[in-house]
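S.K.: Model the placement of chain Z on the given structure of chain B, informed by the hints.
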Amino acid sequence: MIQVRGLAKSFGDFTALKDLDMTVETGSVYGLIGVNGSGKTTLIRQLTGVLRPDAGSITIDGVPVYDDIDVKKRVGYVPDELFFMGNYSLNAMASFYRGLYKSWNEERFRAMTESFGLKPGQRLSRMSKGMQKQAAFILVMSAMPDYLILDEPIDGLDPIMRKKLWGYILGDVADRRLTVLISSHNLRELEGICDCIGIIKDKKLGFEGKLDELQNELSDMSLEEIFIYEMEGRNDE
Amino acid sequence: MNKALFKENIKRFWPISAVAALIYFMSGPFLLLLQKDNASVFTARNLVSNFNLGFLFMDCALPVIICAAVFMYLYRMNSTVVMHSLPFSRSSLFVTNYLSGMVLSTAPAVLTALIMFAIKASNVLHFIDDTVWNSLPAGAVSWSTGGIALWLAITLVDIFFVFSLCSFGAVISGNMVICLLTGCALNLVVQGVILAHYAYCSTFLFGYSDNSFNWKWLASIHPVTHFVTNNSQALRQEGPSGMKFILLSAAAYIAVSCVVSVLAWAVYKKRANERTGDSYVFGAAGFIIGLLLVFLGSSAVGLIFNDSFGLWGFVISGVCCFIIAQMIIRKTPKIFDKGILKPMAAAVVMMAVVMGCYIFDLTGYESRVPDVSDVKTVHLRTYDVNFGFPYDLEDPQAVEAVTLLHKEIVAHKDELMTQEADKEYTSEEDAEDEGWTWIDLDYELKSGRRLSRSMKMPYKYLKASEGLKTIVMTGSYNVFEGMVERADPENITMNANVNDWGDLTETNAEKYGDVQYADVPVTEYSGSAAEAATIELDKKIAALSGEEKIRLLEAISDDYSNMPFEALIMSSPRYATYGLWIHVEYDDMDEALYEQLSGYQSRLYYIWFREKTDYQPQSYVENVNLEVDENWPRTMAFLDGLLESGE
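Residue numbers (my numbering), protein chains in the order written: chain B, 564 to 800; chain Z, 138 to 784.
Simulated from the structure, these hints should not be mistaken for laboratory data. Where hints are given, some of them may not hold.
As the list claims (entries may be wrong) - Capping the alpha-carbon separation at 30 angstroms, the derived lysine-lysine pairs in DSS-like fashion look like this:
#1 Lys636/B <-> Lys148/Z
#2 Lys581/B <-> Lys381/Z
#3 Lys257/Z <-> Lys381/Z
#4 Lys513/Z <-> Lys550/Z
#5 Lys581/B <-> Lys468/Z
#6 Lys636/B <-> Lys353/Z
#7 Lys665/B <-> Lys257/Z
#8 Lys406/Z <-> Lys636/B
#9 Lys767/B <-> Lys406/Z
#10 Lys144/Z <-> Lys682/B
#11 Lys593/Z <-> Lys353/Z
#12 Lys173/Z <-> Lys257/Z
#13 Lys727/B <-> Lys767/B
#14 Lys406/Z <-> Lys144/Z
#15 Lys665/B <-> Lys144/Z
As the list claims (entries may be wrong) - Have a look at the derived ranges for each label pair, beta carbon to beta carbon:
#16 Asp624/B <-> Ala403/Z: 26 to 34 angstroms
#17 Asn215/Z <-> Asn654/B: 16 to 24 angstroms
#18 Arg689/B <-> Val327/Z: 43 to 51 angstroms
#19 Asn215/Z <-> Gly772/B: 48 to 56 angstroms
Nothing here was measured: the structure is a model prediction, and the numbers come from that model. Don't be surprised by glycine CBs; every beta carbon is placed ideally from N, CA and C.
Next up, chain B with everything else stripped away, as it sits in the complex:
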């Protein structure tokens, strides 16, 4: 379980997050949504240990995330802006990841590479943006993480690849209780896969809860309608 309590982060004079609480249950698929600049990426970068929180705590299964190697080994992260070393190929990156993650699954790596139709010896820098995204997913999923954090994960992916990708992710959720946190503006896609959502509003989590319960409460509104309602409607009320 991911638990965030009283989280705050500022960049100079600008406050990005303030007193944010969030809970992501183990085995759930959690959709993190918010308007542009609401602090989703800032929150995710703190969840993955990239940024140090100014205040508050972030724990995974009760252990603080920041600077803890054992916790980070259990977390897979696909950022919105990808990075691969130098002129590395997928194989070379896999070799690097293999040394980092004891849980590395070679069979999964080969299967996904074949399924996505990537050439493992090809330089990643020469691949298209969509192919690079697939490569990032292959690497992260082959590390067999317990927690998967995705920041705008499906940008640049075609519908076929998206379907395959969700198949792998949801398969892991079902088979080994993978916990997934997804930040995306593609609310229709999220609606189909998320069981929980959190909406960042005014630098904190304005709403958090199970999607079906929320939909029941709000007369089967779509996630997009719920989002607009949460951001504007309740204020108007």
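M.R.: Using the frame of chain B, we list chain Z on its own:
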């Protein structure tokens, strides 16, 4: 340390090290192998003595480049995010990158050393001038297994030091260009600030003495400059004890490098990744570096153009440097907002302090004269007074006379500084007895501190100085007076000229005998060198008997004793001047007397070349250069008689 990342770093960046290894090889071992059958001892010696420019360049450049390479991921947000989200702690990331960087930086030097070991062991080199090795003292660096090992050790220390500073620069920098510049700057900044301090003192502080500035110490701030200068000197002159000096200094550099590295590690743990892409990721770093840029930039420009622009040079260049520094640090030309107020105020305060301390002497440096009761000894040197004879005084009355002289000079300080700035030096003015000279004072205080001053004065002030008169005219302060009595007539040799003392410094003791009887004519001056007439005096002086030589020395001594104070302050010769070199060998010279006489310069001077250990113990040679004028009547009569007897 993370093995996977270590391996990846080596795999990614080994080509940089390979190129560096090639440059090391081409700069050193390859040169030797090219010469093979007629190898130069000097080439080989330069390699192991840290004088090879190719080696030195790589020792400095490679760690800077490698450090920037291994920490490159810190300078783009996507790489920063991915690397920090992988299963590393900040410590393990820093340590792994640091160690892999060190391995990549040092590997080329280690490889080069192995090649040199192999060349040495295979005996493929045939030196054409190997007698040079024999002239080196025991323990000196030579083309040997030990010499190569020492080179490797020193090179590793150099690289470690440079790399540690660069690693600190890397973790505070937010982009690659700033990382490279900061790495270089951190390696130079301390010496730069010290040099600026020296330049300010020399330019603005009346009485500032070079004696208080230790150039060796400046070189030892950084191992690269230290091992190039002090190291080889220590080895050449001191042999095995020089080796101890090297090892101790190497240990000190290693300790400093360790401290800097730990500091870099601690800073990395606090690194604000959200500021990736900024010039500096810590506000304090940008602030301090901005101030340093203003200080060094305005100092350099202001000091260089001080004669033309005076204070305005510092002010204008300071403002320009401040604006440029802020633009670099904030990465925008739009710097004029409220955020600029703090660094601007700091820069103004800093430059005000600098100007106050150096230009307006708010610390009272120029007027400071120690109390007699605080002085243990004082060393006084007056270049054009009493033949430049140096005084080491500890008698309170003598110290009081020196402090009186010092106060007399300080009383004229403002006037002297104005005059010196306005003065145009001409030979006519010198002839009119208005020349200037230097006076050096070096107080050793009872507290253990030193106070040194070097002041420029016109002769006329010195002639009016009661303090100086007391010192010069008190015979007991004057070692020169006993010179004749101490000299053994059998050991006195004289000649009129010796052509080039510079050559003698490279001549060994055996050859010295040949040079001192050189058949070189003495020159009689009548105003200008162009009108000089040559007189064959040297053979006549060389032919003098021991008694005649003693008589000549007695004449010199007698003339000296009767000379009035004013005449002991240099004035232009009224008519013909004899240049006379006298060599007096002392059999009983002790070290204290040697130290005193070794201070002779200018008109009456003592030259000792190389180290006294190169020669027979207690066999000292004194060279006295006397320009004799009407103040030397007995000496003139003796020399005139010598001339007449030859006509």
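S.K.: Looking back at the numbered hints, which does the structure fail to meet, lowest number first?
M.R.: 2, 6, 7, 13 and 19
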